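Chemist: Residues per chain, in single letters:
Protein chains: 2
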Amino acid sequence: MKEAFEKIKRGTNEIISIEELKKKLSSGRKLRIKLGVDPTAPDLHLGHTVIINKLKTFQDLGHQIVFLIGDFTARIGDPSGRSETRPIMTEEQIQKNIKTYTDQVFKILDKEKTEVAYNSKWLGELGVNGLLNLAAKSTVAQMLVRDDFEKRYKEDRPISILEFLYPLLQAYDSVALKSDVELGGNDQKFNLLLGRQIQRDYGIKDPQIVITMPLLEGTDGVKKMSKSYNNYIALNDTPKDMFGKIMSISDELMYKYYELLSQDDLSIIKTMHPKEAKLALAVQIVERRHGKEAALKEKEEFNKVFAKKDIPDNIDEYPVDDIRLKLSELLVKSDMAQSKNEARRLIEQGGVKIDSQKVEDDFAVDFAKSFILQAGKRKFKKIIQKSK
Amino acid sequence: MKEAFEKIKRGTNEIISIEELKKKLSSGRKLRIKLGVDPTAPDLHLGHTVIINKLKTFQDLGHQIVFLIGDFTARIGDPSGRSETRPIMTEEQIQKNIKTYTDQVFKILDKEKTEVAYNSKWLGELGVNGLLNLAAKSTVAQMLVRDDFEKRYKEDRPISILEFLYPLLQAYDSVALKSDVELGGNDQKFNLLLGRQIQRDYGIKDPQIVITMPLLEGTDGVKKMSKSYNNYIALNDTPKDMFGKIMSISDELMYKYYELLSQDDLSIIKTMHPKEAKLALAVQIVERRHGKEAALKEKEEFNKVFAKKDIPDNIDEYPVDDIRLKLSELLVKSDMAQSKNEARRLIEQGGVKIDSQKVEDDFAVDFAKSFILQAGKRKFKKIIQKSK
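Which chain is which? The protein sequence lines are A and B, in order.
So for the first sequence, the numbering used here puts the first residue at 1490; every next one is plus one.
So for the second sequence, the numbering used here puts the first residue at 1490; every next one is plus one.
In short, the hints are calculated from the structure, not lab data.
No experiment lies behind these values; they were computed from the predicted model shown.
Please note: incorrect hints may appear among the correct ones.
It does not matter which identical chain is used: a pair holds within one copy or between any two.
To be verified - Taking lysine-lysine and the DSSO-like style, the derived pairs with C-alpha atoms no more than 30 angstroms apart in a straight line are: (1) Lys1764 with Lys1781; (2) Lys1875 with Lys1759; (3) Lys1491 with Lys1781; (4) Lys1866 with Lys1588; (5) Lys1585 with Lys1626; (6) Lys1866 with Lys1643; (7) Lys1626 with Lys1610; (8) Lys1545 with Lys1498; (9) Lys1793 with Lys1847; (10) Lys1519 with Lys1610; (11) Lys1545 with Lys1729.
Hey, can you work out the whole structure from these sequences and the hints?
Modeler: Structure follows, in structure tokens:
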């Protein structure tokens, strides 16, 4: 249990309450872990997968993931507070987005072990009466405590009554699903706690544990990952883009990504060379989405391109007339090594590259075409055939 | 049209807008006049009839009264702000109250010419979707402008989200009913205006005119008439109680009652002796509720009792031995008049009473039993037979 708890706790922002979570974990029951999603933003990015990764932890521990598709509430529009009022979505849009969404999610979660629920099932049947009863469970003052509502109210920006109903409907989903745990971003804390309260109001004695996850910073390392800030890594990005974007982040952010997006032991990761760690992270994330082959191909490609970047623009040419030279002999002749011994040592240490590819042996050089020879970090020569 | 307008305007607090009302009246159309009532307080009092009296004016002018029974919204409870949250009513209670209510209302309005509508008809079918769409039409800030909500919010007293939906449902009734005019007490102004706004939101181009009526003061002349202040005259009061309570009000309040509860010409009423005017008001109101016979009986009874109240507790006895006296002779003998002439004049002027009943002629007195003889306002004698 302790191990399971530690895995769950990793990277979380808040768990309400830890005690109750431990009790539920100790019960041996298969817990029902809810994640609610509005099918409004079908293009998932890594920021979204922070929570999905946490669901994966629960799934690997044998618990029941319940993926709640808010197909009913999606018709209400966006209560985020940033955009004023989004147009209500059509059934067709919703269905399309749900498909796009689940297609992405099941690249990470095991589809067979995941329950997918649609809140239209019970909210459609709730009726006006049921909704009014639900609306009686919360107060205006309670709603205005929510950060975005409070802010908008103080700034005289309109909040429709509809937006007060949205968190209540979301909370009611927890009643219908009998969820044991609900996950969400930090910005969802209010709504998740309301779910906990409403479950109690509807007679559920051990209401859901609320687990909030931090928002993932985007590739800039400053703002939260978001399409609108253009600092995001989409699950639908090509392997190349995905790999390249991950390799572009700072080392500091890389460790945070490890914490939130992988289940690797961070103490081991920290012993690795940062560049190697970053490559491993990129491989892992691309592999999860696009498969191992694609990931390794991108790593190779990246190494090539990355290596090329280290080659200076102006390199002296060295014309060769003897085309039967071994590599160590070429290094000495072209003044890149003082002796054959030094040249061989350099090769053994991996310090010699031909066209950015590390050379393993002191082989007979192929002079069929010209190439760039590199010794150590700073010595470069462009080797060309004299006769050509 | 001008005359009709003046009749409608009488006693109103506010008409929004007068111009639009005049336009509607000029159209020659049969207007639809809505009054919404929650079947929660079945024991109607005169305060309630201020508005019903105004409906009667519309009915007499040939317009269509639509009596809206809020059977659906009654299940929501009380949003008055005085009681925190009333228990939700059962279907049975509602049905019973509706019957009690309409039984009372149709003592005033012509049942045959009145449409009775139940909002359960459309609110039940509205569905969660419809309610959410409706909830999108108003904002939190708009609701918190309503006096009672603002007050409670400022005082940190809870307002349930449900209470924000109530005025919206009431407003939607106006959409469903296509009302041209809605009446209500002053305290309903916010809700009625919301109905006007929501009608526009749902595409009604000439939305309802809002007419608010003042609250009727109770018999104390200070607080509004209310069961909880025990200053009310219930429609279910006995003719005796009703008559007596009306006779107990101040002259000032009596004129206000005339304005709000009758259609009599106030300039004529003001030429009457206040006590006669009050008696006429009491007769009119009791007659409307209990019929002419009952009203006149109460008037007679009241006059007897009221008159008795003017008789002092201790009255000198005057023993008579000559039992063939005429009234004028008795008045002189008993020192209540100086001369027979004065006695006859007093009788002619109506200043002489036997057992509080005015005496018309100078008849031969019946001494079969003792009686109280009154001359003018202050002279009293108890006449008894000497031999008895």
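Chemist: Each hint needs a verdict: does it hold in this structure or not?
Modeler: Hints and how they fare:
In this assembly of identical chains, the alpha carbons of lysine 1764 and lysine 1781 lie at most 30 angstroms apart only when taken from the same copy (19 angstroms versus 103 angstroms across copies). Taking the closest pair of Cα atoms, lysine 1875 and lysine 1759 never come within 30 angstroms of each other, the shortest separation being 49 angstroms inside a single copy and 129 angstroms across copies. For the homomeric pair lysine 1491 and lysine 1781, neither the shortest alpha-carbon distance inside one copy (32 angstroms) nor that between copies (87 angstroms) is at most 30 angstroms. When the C-alpha separation of lysine 1866 and lysine 1588 is checked against a cutoff of 30 angstroms, the pair qualifies neither within a copy, at 50 angstroms, nor between copies, at 97 angstroms.
Taking the closest pair of Cα atoms, lysine 1585 and lysine 1626 come within 30 angstroms of each other only across two copies (28 angstroms); inside a single copy the shortest separation is 34 angstroms, beyond that limit. In this assembly of identical chains, the alpha carbons of lysine 1866 and lysine 1643 never lie at most 30 angstroms apart, being 59 angstroms within a copy and 71 angstroms across copies at closest. In this assembly of identical chains, lysine 1626 and lysine 1610 lie within 30 angstroms of each other by CA distance both inside one copy and across copies; the values are 21 angstroms within and 25 angstroms between. Taking identical chains as interchangeable, the C-alpha atoms of lysine 1545 and lysine 1498 lie at most 30 angstroms apart only when both belong to the same chain, with a minimum of 13 angstroms there against 71 angstroms between chains.
Taking CA atoms no more than 30 angstroms apart as the test, lysine 1793 paired with lysine 1847 passes inside one copy only; the shortest distance there is 10 angstroms, against 126 angstroms between copies. Taking the shortest Cα distances, lysine 1519 and lysine 1610 sit within 30 angstroms of each other inside one copy (23 angstroms), while across copies they are farther apart (45 angstroms). In the homo-oligomer, the alpha carbons of lysine 1545 and lysine 1729 lie at most 30 angstroms apart inside one protomer (25 angstroms), although the nearest pairing across protomers, at 80 angstroms, exceeds that limit.
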